[in-house]
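Participant: Here is how the chains run, residue by residue.
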Amino acid sequence: MDKPLISRRLMDSDGSLAETPSGTPKEQAVSSPEIIFVAVFREHYSSLCALSDQLAGKILVDVSNPTENEHLPHRESNDEFLASLFPACTVVEAFNVISAWTRQAGPRDGNQQVPICSDQPEAKLSVSEMVHAMGFKPVDMGPLASTREVEAMPLRLLPGWKVPTLLALGLFVCFYGYNFIRDVLHPYVQENKNKFYKLPVSVVNTTLPCVAYMLLSLVYLPGVLAAALQLQRGTKYRRFPDWLDHWLQHRKQIGLLSFFCAVLHALYSFCLPLRRSHRYDLVNLAIKQMPPPACAPAPACPSLSTPGFANKGYLWDEEEVWRMEIYLSLGVLALGTLSLLAVTSLPSIANSLNWREFSFVQSTLGFVALVLSTLHTLTYGWTRAFEESRYKFYLPPTFTLTLLVPCVVILAKGLFLLPCFSRRLAKIRRGWEKDGAVRFTVSTEHVLPEKTSHV
Amino acid sequence: MDKPLISRRLMDSDGSLAETPSGTPKEQAVSSPEIIFVAVFREHYSSLCALSDQLAGKILVDVSNPTENEHLPHRESNDEFLASLFPACTVVEAFNVISAWTRQAGPRDGNQQVPICSDQPEAKLSVSEMVHAMGFKPVDMGPLASTREVEAMPLRLLPGWKVPTLLALGLFVCFYGYNFIRDVLHPYVQENKNKFYKLPVSVVNTTLPCVAYMLLSLVYLPGVLAAALQLQRGTKYRRFPDWLDHWLQHRKQIGLLSFFCAVLHALYSFCLPLRRSHRYDLVNLAIKQMPPPACAPAPACPSLSTPGFANKGYLWDEEEVWRMEIYLSLGVLALGTLSLLAVTSLPSIANSLNWREFSFVQSTLGFVALVLSTLHTLTYGWTRAFEESRYKFYLPPTFTLTLLVPCVVILAKGLFLLPCFSRRLAKIRRGWEKDGAVRFTVSTEHVLPEKTSHV
Amino acid sequence: MDKPLISRRLMDSDGSLAETPSGTPKEQAVSSPEIIFVAVFREHYSSLCALSDQLAGKILVDVSNPTENEHLPHRESNDEFLASLFPACTVVEAFNVISAWTRQAGPRDGNQQVPICSDQPEAKLSVSEMVHAMGFKPVDMGPLASTREVEAMPLRLLPGWKVPTLLALGLFVCFYGYNFIRDVLHPYVQENKNKFYKLPVSVVNTTLPCVAYMLLSLVYLPGVLAAALQLQRGTKYRRFPDWLDHWLQHRKQIGLLSFFCAVLHALYSFCLPLRRSHRYDLVNLAIKQMPPPACAPAPACPSLSTPGFANKGYLWDEEEVWRMEIYLSLGVLALGTLSLLAVTSLPSIANSLNWREFSFVQSTLGFVALVLSTLHTLTYGWTRAFEESRYKFYLPPTFTLTLLVPCVVILAKGLFLLPCFSRRLAKIRRGWEKDGAVRFTVSTEHVLPEKTSHV
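First to last, the protein sequences are chains A, B and C.
Okay, so the first sequence: first residue is 1 according to this note's numbering, each after it adds one.
Okay, so the second sequence: first residue is 1001 according to this note's numbering, each after it adds one.
Okay, so the third sequence: first residue is 2001 according to this note's numbering, each after it adds one.
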């Protein structure tokens, strides 16, 4: 009895092969099996037309994918094209999202699902059994017309990261320009000082923390807006506006970009003492700090090593020392807390936590990180917002701009902790609705999760 | 034929819905399905009492969880309460450990298991089939009385981390106090020097490595104690004392906390040259090091740039230089090795290693990390344990306190490598028992693993 | 009816145990079950010989593994030995690759597969059902003779890492020796300067980046060679030479080692300002830079604080400043990009990406990292390759040696982007073959993936 060659290898244990059929190698290859995997590119489908007779009545499984250039919305999919070339065969699409490496190494957690499309239920069933035997999970995606969407699946390129990355880049460009004007252009214009050497490291290092801090606050702002909206509407059953919904869904990506910028900021900060400019600044400061030798007649010539003389040269600004000690310590603590958030974002760790643990790390520890970052920024700023010399071209110090959104978030969260608000919010989140709250019509269609496929 | 609405969507492909039933929206919603998911909070169960007639004979699946405040040991669970409200229905608990996100995104590795409790086997079977169809793994947890334990499952908050975190915090507080007394209080009391600026960064940076080092030694100490116990008892079949058993189970958390403290120590160390206090110290050192200009009559006035003069000012302590070079290098190597241990602790990587590989990294490389950390501490200490000036208020240098436990572990491991001990230990671990060793009674109950659930 | 004791616990819910059998505890334990798990070491198998009668006709599941010393190619496996001791029993090998921890905690993604070997298909089926019930995936590995290979599986010790690690160590030793000769030996021999203190940190820190950079280029070189080979042969259907095949398979390990060395290089670099030698160098530089006090008669005695005097001591080399700023910035960016590659190599993240996303990160971002590293090295070198003083013992500066392979890779990739080459390569990779290309004979044996097991 003819069984598919692949299923014979996987399911039988008798080890016997069918009798060697006659004909060309291609004809021999396709004559015995019931299921043929067509692993050729679209432009070579026609090379199989010579085998139309042998292929009649068999199941053709197409595993190909169009490239980004070829995948056009109104163009028929590879499977539809194959079906038009071989009308006597049944075309099934399967395995097109599974990479060659995964097919060889075996299924892993994220790559276990194999979408299957076909017009014939029996063909779908046969291929599903084969998928099961190989250790994957078949997912019925409907008729062959669905293949256009299925072919789009492996063409996605980190779709959830596009907007957050553009946001981060935009913030970087804005803050870099602002810091350039304040730290490089202003000294050049006003005092004719050449500070352009600051561009590669210094200005970058004052821009990155702004980006990281802003992004971190943008992770927690939508939650605050959502709570405010629920309080104002008096119900949790009204859908959020689309922009808020998308924002809530991209918090993880925004948070990870914030962490990445924070790490780069740390690396750049640690590079500061390695630079020649730093070395020269120190040496020049030491030279400037040297008390002048008052060259009087010999007996009265003071020595540098006498206490009085040494004290004149002794350099110490207690306030500056404390400022740096505190804000460096707060910065390290903020980075340490952010790293805990980043680590628990890893899929394998996130999956091993239950909801309460995940919420504790991401919400509670995350808010702690936001507060530490705010204290780090405030201590870095110290009194600089109130010193006139810090206003270049009447532009305020950069850190003042970054404090706006985070302080709003922290104040709002503090406000929502007040009993009057927290009790009401808890009631609303447990299902209570105020009278006259506009209801969201529940239809049986929406009882089920939006996505029927399991990906 | 009436089938559950959800199963119709998932299992049928005919797409036809039942005729629209009559009555209020709620009555319409509950009249046709056999299985109803009750997704309301406990306090709103009574709102369904009006539907008692329509719900009679159906299966109610409760997905709710009490909060930490509501979950009390002697209080009946949500499911038992629901069952008491609707005695004509069969209550099944399912999906209460699965977060809403997982239900929407689909099952991943750690979140695949769905505990199911019910008094009726047929109801359990129906719900299990539904769970299977959604891609999850149903796990039978027994009758409805088990729901109290099941409801406790998502309320756990990192239970394995409580004791290690308290231990780390306790060690930090102790060492911070000790270093404060030595580095800040002693100069203030004895020499009236104000070193309080050291509190945020310096004292923290001398405390964190002590905590990290002690925790690392506490990861390997229980293994040594267990080996000693097996050697002394002459058998491996006697259970360890409870405290040792718990200690052995928490080694991973203690190790990860040790790594976290070591990383923070590295970050604080790299912050040291960024501080103003460091800059001022360098400048003051340069000024102090300046040889005095002996202002004699002009012809005899020496110039600073003459070799003889410059050599007077040249600062170099060969021993100090070597000490720092060596202990910094050892510190980086120890941190690098610890990072390998931390990375292989990630679930996805740990699962891809076999036992021999995992043991090589965690035991062998871990011991290498302990030895490198010990050398780092010894080289940092150098001869300071023998210098009287290092004893503040007769308190020894902090590093001497930390060396105790690690040296015990290293010496013990070295001892167990001697043939007389290693051969005996290998025999015991392969099943040999010395005569008169107290046997642990093997009963058939204990043949099976303690946990029947697969979580 | 006698059922296996384990299956009774897992599959039945009636809770009843069989009547307590008579005899010694061992005889009682083995009399009722059909499947006995033999969890003893090989040398203790004979202790079960007394039970031969009770064991007759039952299934013995052997879970043991030989150690590395015991596992010899020509020695019979533990299962074959067990089968020879109990000819009346059926021996099945199962669970030998699953650690005790996994058996207790339950199956996770990488550890779900249980290889099963036996000569009897019915025995294999019974044990497979048990494996399924426990949540694992049974994999048929053939007859008992296959147990020698199966027993080798848990004895592997990171086989894919041996060659890359030896390669990295070899590169490290070579470059360390080269840098030692240039930076320590040459000053000692030529100028009698003692620079041996540089050995622990400085020389290591000039060696590690060379190793990291070379390894990174060796990740992308085989891809370039493979493309060149395909262009030259005019087909993609000829197998690559074995050495190239192995090289392509180990790119991930080589890349991760490169990243590890890059991180260590960053840590050592950040340690540079912490060292005493650095502090002394700065102080001595400040002292040397001090302008001499021209001790002339009092009225003409200049003061250090006068501008003219300060400018004499002012230290600034604009070119050196720019050089360091640029190459430090490029270094941080290169490390940041490499960290993205390392993070996406984690199994859980790699599995959540589709092929296009994975290829974007590993190929495109990886090439960006290679270009950034090359710019970092070139900027570090600046004009040093053209300064005669940099050639110690006629040996060129180390960075020039490292630039060879990466520049070949970058130029080749640039070349392959030219339309004449890129179009031809795309055609070949879509299946086109030039006339006369030597065909690789396709046999039906090779249609299927090489590994039938799913690991």
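Derived from the structure by calculation, the hints contain no laboratory data.
Cβ atoms here follow ideal geometry from the backbone N, Cα and C, with glycine treated the same way.
Possibly wrong hints are sitting among the right ones.
[What the hints assert, rightly or not] List of simulated lysine-lysine pairs, DSS-like, C-alpha gap at most 27 Å:
(1) Lys288/A / Lys1252/B
(2) Lys1288/B / Lys2137/C
(3) Lys288/A / Lys1193/B
(4) Lys288/A / Lys2288/C
(5) Lys137/A / Lys1137/B
(6) Lys288/A / Lys1236/B
(7) Lys1026/B / Lys434/A
(8) Lys2434/C / Lys1137/B
(9) Lys195/A / Lys2413/C
(10) Lys2434/C / Lys26/A
(11) Lys2236/C / Lys2413/C
(12) Lys26/A / Lys2427/C
(13) Lys2413/C / Lys1236/B
(14) Lys1434/B / Lys2026/C
(15) Lys2413/C / Lys26/A
(16) Lys2137/C / Lys137/A
(17) Lys193/A / Lys2288/C
(18) Lys2193/C / Lys1288/B
(19) Lys1288/B / Lys427/A
[Unchecked claim] Examples of chain A residues lying across from chain B (beta carbon under 8 Å, computed):
(20) Val97
(21) Pro273
(22) Tyr280
(23) Leu282
(24) Leu285
(25) Tyr314
(26) Ile349
(27) Trp355
(28) Val368
(29) Leu425
(30) Ile428
(31) Gly431
Participant: Of the hints given before, which are not true for this structure?
Facilitator: 1, 2, 6, 8, 9, 13, 15, 19, 20, 22, 28, 29 and 30
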